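Novice: Here the protein sequences line up with chains A and B, keeping their order. Going by this note's numbering, the first residue of the first sequence is number 1, and it counts up by one from there. Going by this note's numbering, the first residue of the second sequence is number 1, and it counts up by one from there.
Check the hints yourself; a few may be wrong.
What the hints assert, rightly or not - Rough simulated footprint, nothing fancy, chain A against chain B, three-plus residues with beta-carbon under 8 Å:
1) 68-74
2) 101-109
To be verified - Covered, in the sense of this in silico footprint (three residues per stretch, anywhere, with C-beta under 8 Å from a C-beta of chain A), are these stretches of chain B:
3) 154-165
4) 168-174
5) 204-214
6) 304-317
7) 388-398
The hints are simulated quantities; they were obtained by calculation from the structure and are not laboratory data. All figures in this text were calculated on a predicted structure; none of them were measured in a lab. Just so it is clear, CB atoms sit at the ideal spot from N, CA and C, and this is done for glycine as well.
2 protein chains.
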Amino acid sequence: MLKGACIIGQSGGPSAVINASAYGAIKTALESEAITRVLGARHGIKGVLDDDLIDMGKEVPAEPAHMKYPPSSALGSCRYKLKDPDEDETDYLRILEIFKKYDVHYFFYNGGNDSMDTCNKISKFMLKHNYECRCMGIPKTIDNDLFGTDHCPGFGSAAKYIATSCMEISKDANVYDKGQVTVIEIMGRHAGWLAGSAALASAFGAGPDLVYLPEVDFDLEVFLARVEALYKEKGKALIAVSEGIHDKDGVFISEYGSKLAEEKDAFGHAQLGGLAAYLASQVKRRTGAKVRGIELSLLQRCAAHLASATDVEEARLAGETAVKAALAGESGKMVAFERAEENGKYVCRTKLLPLDAVANFEKKVPLEWIAEDGCGVKQPFLDYVLPLIQGEPPRPVEQSLPRYARLKKVLAK
Amino acid sequence: MLKGACIIGQSGGPSAVINASAYGAIKTALESEAITRVLGARHGIKGVLDDDLIDMGKEVPAEPAHMKYPPSSALGSCRYKLKDPDEDETDYLRILEIFKKYDVHYFFYNGGNDSMDTCNKISKFMLKHNYECRCMGIPKTIDNDLFGTDHCPGFGSAAKYIATSCMEISKDANVYDKGQVTVIEIMGRHAGWLAGSAALASAFGAGPDLVYLPEVDFDLEVFLARVEALYKEKGKALIAVSEGIHDKDGVFISEYGSKLAEEKDAFGHAQLGGLAAYLASQVKRRTGAKVRGIELSLLQRCAAHLASATDVEEARLAGETAVKAALAGESGKMVAFERAEENGKYVCRTKLLPLDAVANFEKKVPLEWIAEDGCGVKQPFLDYVLPLIQGEPPRPVEQSLPRYARLKKVLAK
Chain A
1 MLKGACIIGQ
11 SGGPSAVINA
21 SAYGAIKTAL
31 ESEAITRVLG
41 ARHGIKGVLD
51 DDLIDMGKEV
61 PAEPAHMKYP
71 PSSALGSCRY
81 KLKDPDEDET
91 DYLRILEIFK
101 KYDVHYFFYN
111 GGNDSMDTCN
121 KISKFMLKHN
131 YECRCMGIPK
141 TIDNDLFGTD
151 HCPGFGSAAK
161 YIATSCMEIS
171 KDANVYDKGQ
181 VTVIEIMGRH
191 AGWLAGSAAL
201 ASAFGAGPDL
211 VYLPEVDFDL
221 EVFLARVEAL
231 YKEKGKALIA
241 VSEGIHDKDG
251 VFISEYGSKL
261 AEEKDAFGHA
271 QLGGLAAYLA
281 SQVKRRTGAK
291 VRGIELSLLQ
301 RCAAHLASAT
311 DVEEARLAGE
321 TAVKAALAGE
331 SGKMVAFERA
341 EENGKYVCRT
351 KLLPLDAVAN
361 FEKKVPLEWI
371 AEDGCGVKQP
381 FLDYVLPLIQ
391 GEPPRPVEQS
401 LPRYARLKKV
411 LAK
Chain B
1 MLKGACIIGQ
11 SGGPSAVINA
21 SAYGAIKTAL
31 ESEAITRVLG
41 ARHGIKGVLD
51 DDLIDMGKEV
61 PAEPAHMKYP
71 PSSALGSCRY
81 KLKDPDEDET
91 DYLRILEIFK
101 KYDVHYFFYN
111 GGNDSMDTCN
121 KISKFMLKHN
131 YECRCMGIPK
141 TIDNDLFGTD
151 HCPGFGSAAK
161 YIATSCMEIS
171 KDANVYDKGQ
181 VTVIEIMGRH
191 AGWLAGSAAL
201 ASAFGAGPDL
211 VYLPEVDFDL
221 EVFLARVEAL
231 YKEKGKALIA
241 VSEGIHDKDG
251 VFISEYGSKL
261 AEEKDAFGHA
271 QLGGLAAYLA
281 SQVKRRTGAK
291 VRGIELSLLQ
301 RCAAHLASAT
311 DVEEARLAGE
321 TAVKAALAGE
331 SGKMVAFERA
341 EENGKYVCRT
351 KLLPLDAVAN
361 FEKKVPLEWI
371 AEDGCGVKQP
381 FLDYVLPLIQ
391 GEPPRPVEQS
401 LPRYARLKKV
411 LAK
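Could you build all of it, start to finish, from the sequences and the hints given here?
Specialist: Put into structure tokens, the structure is as follows:
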């Protein structure tokens, strides 16, 4: 039995269920014999580097349990990118110093692609320096683009928010006798899992006429002709687009109209936005229709009030599984999901994948799940997403507003 | 007993609960002895003018009941403005013709300021032409700006959506170690009831630092200085603004940056939008901060999944009350709400107001409920809003997505 403290960190963009994973990991760790102390890193790996660690054992037990439902990262997140250790070991040596200071032998990192890369680098560095620390990745990304797992915690809730919001917007946009063209912009830089989920709304009778995923090249002229035809036929149109749609040369459509300086975040991703407004203005110019651009913006990743109970439970399970696997001797792995059927019903099983195999790969929507005309998804896509959005989790409220966990956040010494 | 058919119409912008009012009116009308036939006007008064009326008696009874929870207008809405009858009687004569054709002696119109004006004009025209038709207004507006009523159906649900979304956005925007300035744009052209509701989020621990209502003149320079100070102090800021904020000369701030042609709708209101993005860019220029502008857009008025049970029930009650009052002989009135307390608890009572007294007046937030520095609300505002957002209504779902009423919409002959 490897005795020692553990550190749990949350990284990358928020989701509705990342705290459910943290809760699953923290609870399992607090209950284990081998883990002597449970530390929460404030703002992910930055909290380790800055010696900014919360002693989770000092929280009122009921409060970490309250972490199961609120959105975003209760411990704080970061987008800090560790350098390649072959180039600069500074950060890694500091992490090792902190691990030694708190006798940390378990490290759990909860995030998406970049976070799995961080976890992998730390795992390898510790191995190389003969410091025994079992490092496990807990998947999280609303983008659903992690390689090797059937789906990712966070995606189901975001998909449910998107589908429900599209149904409500559809009801709203269709209310007048005079038609309107509405363009809804949905997150997802390179993978169309979220944008495609808008098609669930259509499958349930109130959704977009056209859905554009970034897996297929986007042609503005073809798009405008299609919307014009639709508008002439029906007097209205509802369109969902991924923020990441791009032309055949790879230029983001959002950059067509952008006069703002293009900014890149720490990972070199261009900052996207304003696409819905741009496309709406183009449609207006072409058709003269009343138009409206709607960006679902942050709410699609933090609207815990519309979370999927399935997603919440699977997120919790991922956290629990990571800790149990580490206790059983695993390291350098990420928890992943496998989809199965039992008595004709969807079930989700966990498995472990080497971090090497998942870090920095992106899983896109299979082209055979996308409609031939490039503006919709096929039934297998809907069949894939539908089980992931099922169920309404309990929603702790106070005076009908969300009741969030109240952590004391006692700094570890 | 006045025997005859009734027409029920929905008008103006959608809300999360306008269908609950329609349901309350339709159910009460279908159950009455005096009302021989219940007709739903498609797209409000346009449906009357176009002889486009649905026979609600031909619906499967379970389906009108399903109208109680879905958002937007199940019968369709319009923004058609009737001319002054002294100038042009054409529309009114047509309405009279349709009333006679279907033997209509009850008319219920559900909407905001402009709709109450429409209802009032029809009521007076019928009186003048000695055609007995009891005309009743059913209030509806998320803007909460109808005169003479404590509050309006639709407001509570929108306020709840705004407060909850602001809490979630606050959790999201605070997640990184590096700060961000986030500007949230909220509906409400001339009255700050909706924007002020964002302050509920702050009162519950996760909301905007600054809240701007259109009742107070907005000074861009003072705003930027305040945000800059806040950003320097805390490294971040969350700001909620009404779409209708304007400078001391009455110029909308949204027009400062707008290069789009200003469009006016049929009622002469300027179309607003893009304010959050504009203010965010101004803050970026001033502070260099990472910024994000978020427009809550249509969802704040159609997010029935986050409706207030209190609002839904009061909306239903307003519809029922209108029909019962008409059956009892009333006409030319609007149903209004009075707030009272019973055993220390909020209760809502109905009363009737002459349409003359409500049409075309706007009720704004009292200045004494707005903070002296003009960027927040005081406790009485919060005390006013809080009872209106209470309770979670049942939310009919199919496969965890909203289940809307399936009306056959059989045209009346």
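Novice: Taking the hints in turn, state whether each one holds.
Specialist: Cross-check of the supplied hints:
With 4 residues carrying a beta carbon less than 8 Å from a beta carbon of chain A, the stretch 68-74 of chain B meets the three-residue requirement, and the given coverage holds. Counting residues of the stretch 101-109 of chain B whose beta carbon lies closer than 8 Å to any beta carbon of chain A gives 0, which falls below the threshold of three, so the coverage claim is violated. Under a criterion of three residues with beta carbons nearer than 8 Å to beta carbons of chain A, the stated coverage of the stretch 154-165 of chain B is upheld, 4 such residues being counted. For the stretch 168-174 of chain B, the proposed coverage by chain A is satisfied: 6 residues have a C-beta within less than 8 Å of a C-beta in that chain, meeting the threshold of three.
Figure legend: the stretch 204-214 of chain B, annotated as covered by chain A; annotation consistent (3 residues with Cβ-Cβ distances under 8 Å, at least 3 required). Restraint check on the stretch 304-317 of chain B versus chain A: 4 residues with Cβ-Cβ distances below 8 Å, three needed, restraint holds. Judged by the Cβ-Cβ criterion of 8 Å, the stretch 388-398 of chain B is covered by chain A as claimed, because 7 of its residues qualify and three suffice.
Of the hints listed earlier, the one the structure fails to meet is number 2.
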